[in-house]
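Listed here are the chains, written in short residue letters.
2 protein chains.
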Amino acid sequence: MTKKSKASNIQQIIARKKELSKGIDPSDISKGILTGDKQALSKAITLLESRKKTHIDSGQEILQQLLPYTGKSIRIGITGVPGVGKSTFIESFGNHLISLGHKVAVLAIDPSSEKSGGSILGDKTRMESLSVNENAFIRPTSSSGSLGGVSRKTHETMLLCEAAGFDVILIETVGVGQSETAVHQMTDFFLLLMLAGAGDELQGIKRGIMEMADALVITKADGDNKTKAKSAASAYKMAMHLFPPSLSGWVSKTAICSSIENSGIHEIWDIVEEYVKTTTSNNYFSSNRTNQREYWLREAFKSQLLQSYFDDPAWQKRFDDCLEDVKNGLLTPHAAADKLISFT
Amino acid sequence: MTKKSKASNIQQIIARKKELSKGIDPSDISKGILTGDKQALSKAITLLESRKKTHIDSGQEILQQLLPYTGKSIRIGITGVPGVGKSTFIESFGNHLISLGHKVAVLAIDPSSEKSGGSILGDKTRMESLSVNENAFIRPTSSSGSLGGVSRKTHETMLLCEAAGFDVILIETVGVGQSETAVHQMTDFFLLLMLAGAGDELQGIKRGIMEMADALVITKADGDNKTKAKSAASAYKMAMHLFPPSLSGWVSKTAICSSIENSGIHEIWDIVEEYVKTTTSNNYFSSNRTNQREYWLREAFKSQLLQSYFDDPAWQKRFDDCLEDVKNGLLTPHAAADKLISFT
Chain Y
708 MTKKSKASNI QQIIARKKEL SKGIDPSDIS KGILTGDKQA LSKAITLLES
758 RKKTHIDSGQ EILQQLLPYT GKSIRIGITG VPGVGKSTFI ESFGNHLISL
808 GHKVAVLAID PSSEKSGGSI LGDKTRMESL SVNENAFIRP TSSSGSLGGV
858 SRKTHETMLL CEAAGFDVIL IETVGVGQSE TAVHQMTDFF LLLMLAGAGD
908 ELQGIKRGIM EMADALVITK ADGDNKTKAK SAASAYKMAM HLFPPSLSGW
958 VSKTAICSSI ENSGIHEIWD IVEEYVKTTT SNNYFSSNRT NQREYWLREA
1008 FKSQLLQSYF DDPAWQKRFD DCLEDVKNGL LTPHAAADKL ISFT
Chain U
708 MTKKSKASNI QQIIARKKEL SKGIDPSDIS KGILTGDKQA LSKAITLLES
758 RKKTHIDSGQ EILQQLLPYT GKSIRIGITG VPGVGKSTFI ESFGNHLISL
808 GHKVAVLAID PSSEKSGGSI LGDKTRMESL SVNENAFIRP TSSSGSLGGV
858 SRKTHETMLL CEAAGFDVIL IETVGVGQSE TAVHQMTDFF LLLMLAGAGD
908 ELQGIKRGIM EMADALVITK ADGDNKTKAK SAASAYKMAM HLFPPSLSGW
958 VSKTAICSSI ENSGIHEIWD IVEEYVKTTT SNNYFSSNRT NQREYWLREA
1008 FKSQLLQSYF DDPAWQKRFD DCLEDVKNGL LTPHAAADKL ISFT
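So the protein sequences, as listed, match chains Y and U. Just so we're aligned: 802 in our numbering is position 95 of the first sequence, and the numbers increase by one with no gaps anywhere. Just so we're aligned: 717 in our numbering is position 10 of the second sequence, and the numbers increase by one with no gaps anywhere.
Here chain Y stands alone, though its shape is the one from the complex:
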């Protein structure tokens, strides 16, 4: 991020906070969102991201009011290591979708982005043409928090965007952290971006992600790189053919694209549309969404319940002591868990 954009980001944050200290009328904001007002949308998201209880409560009230208007979008998860060209891809892809008449929201989920060094939606300037388009909405990732907290914010932001009329939601993640399962569980379609030449750049991608992908796209397929990209794509195609088919009945596709030459982009949207058609007709699309809702209920409850214990320093100390004993082979993990449970 440049110093200038950092400063402008900070100014935005200050401006938002000022805005929030004025009176908040959830119903007003909800109405605004339903008319597609991006300022109202931003305000609601900021409320949900706030640490102040009154803000969160207002945010939840808005969300609850808008719930009947959510769900009518295609939710796409996009992952790939830093350097694969996610931002430029999202810009090309987003602009293509808008040219077809869609309204596109771009979100990010990546609590570990600082650690992994991935610049993930850090500033909007990386998507210049998309960010100024009135049919696009780009929301940088909230900077910190646990994976559970960040997942929740992204999930809720997505619902608000849907209520505001965005009918394609792109959720970006860097593919090296813990967040891919989260993205996979809140999207309909999972897109993995890769570079040609299955060498070092693979080091970054976590195992298990390839088998999650509904489509694997080789980026930067331009100039001298095109032949390499094509052969990489066909190698992956063969490999993915050996994967067990997913529950959706969908066979993962491979493709190549160039954001610079703007080639291959519309084919990827064709793949998504084919996926939606296939999974709508076999009913997977909606059953998957229902399962996802159940997944998030269980996950959220689990993580909040655990958090309520770990928030207590005395309890955290107990846990650490048990962990030490387990690591040193003085207690079995299960005996240590029994001991911890006896304290609860």
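Just so you know, the hints here were simulated from the structure itself, not pulled from any lab data. You may find that some hints are simply not true.
Each pair may be met inside one copy or between any two copies, as identical chains are not told apart.
In silico DSS-like pairs for lysine-lysine, Cα to Cα no more than 30 Å straight-line [said to hold, decoys possible]:
1. Lys738 / Lys1034
2. Lys810 / Lys1034
3. Lys1034 / Lys759
4. Lys760 / Lys1046
Here the structure is a predicted model, which means the values were calculated and not measured.
Model the placement of chain U on the given structure of chain Y, informed by the hints.
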């Protein structure tokens, strides 16, 4: 399972229960296990599997006494769909290991075996020559329980087997359920058995399992099937080459074998030995075990904590009501989780 073997299984269970009602001296049993006494080993496992608190306590006492003598084995997870030939493979593989001077314990983890129709160590008669070998110990899966409970029993049984001097532990799972992650988290090496012809039989294998495998072995590579097996193995080899390397620094291997012709079996053990050598020298072997212990502590605590809630019918009802609201889109999953947490 034949009627005869079922009857004999029942007789065994009755005999064990009778045995247990006699006086139990944990120290005696521990001493017996340390001398390699298989009867003492069986007794301790049965204690741990019992539902009676006094039995479990005695079992835990034995385990605690033996803890310093555990860990000195190579732990191998073996998975594959029903029909892939797991039992015959394990028999050939186990006999080969014994011929090299090893002592082999075979366990199974599969809480869902009844549902999936996989016959998993259901009776020892499927491994006739191995089961009568004095250097082998085969323990059928405990019939029922939650995944958490079954994982715990398998994990603890493994430790007892190690104390009894078994230096290779094979843990079998059917590869279609929830238990592969559990097996992966309690073993050093993960072996995936597959049939040639990447077609229908893949339907059974869950996604994500291929990327867990340290070796993928095509079984039944005999007679007319040999050529097909070879070409399947090389296709998988190419595919797995495209996978991101695992944290162990190990590149997954592929091989073929025939349990009938007894070919390819020793090559698989060579692969395991190479793996152990590689991961010992880069320190992954021991750091992985430490991480696994931490994983089980967290998992066991988490699942026991949740269980303590779900055991209460009133609470289960509350959860079901929330789930219903979430499924019907009346509440967001996170708002529902908040509601549940407010009850705790």
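Structure-based check of each hint:
1. Lys738 / Lys1034: between (55 Å within a copy, 25 Å between copies)
2. Lys810 / Lys1034: between (52 Å within a copy, 26 Å between copies)
3. Lys1034 / Lys759: Between copies only: 29 Å across, 39 Å inside.
4. Lys760 / Lys1046: For Lys760 and Lys1046, only the inter-copy Cα distance (15 Å) is at most 30 Å; the intra-copy one is 35 Å.
In this structure, none of the earlier numbered hints is contradicted; all agree with it.
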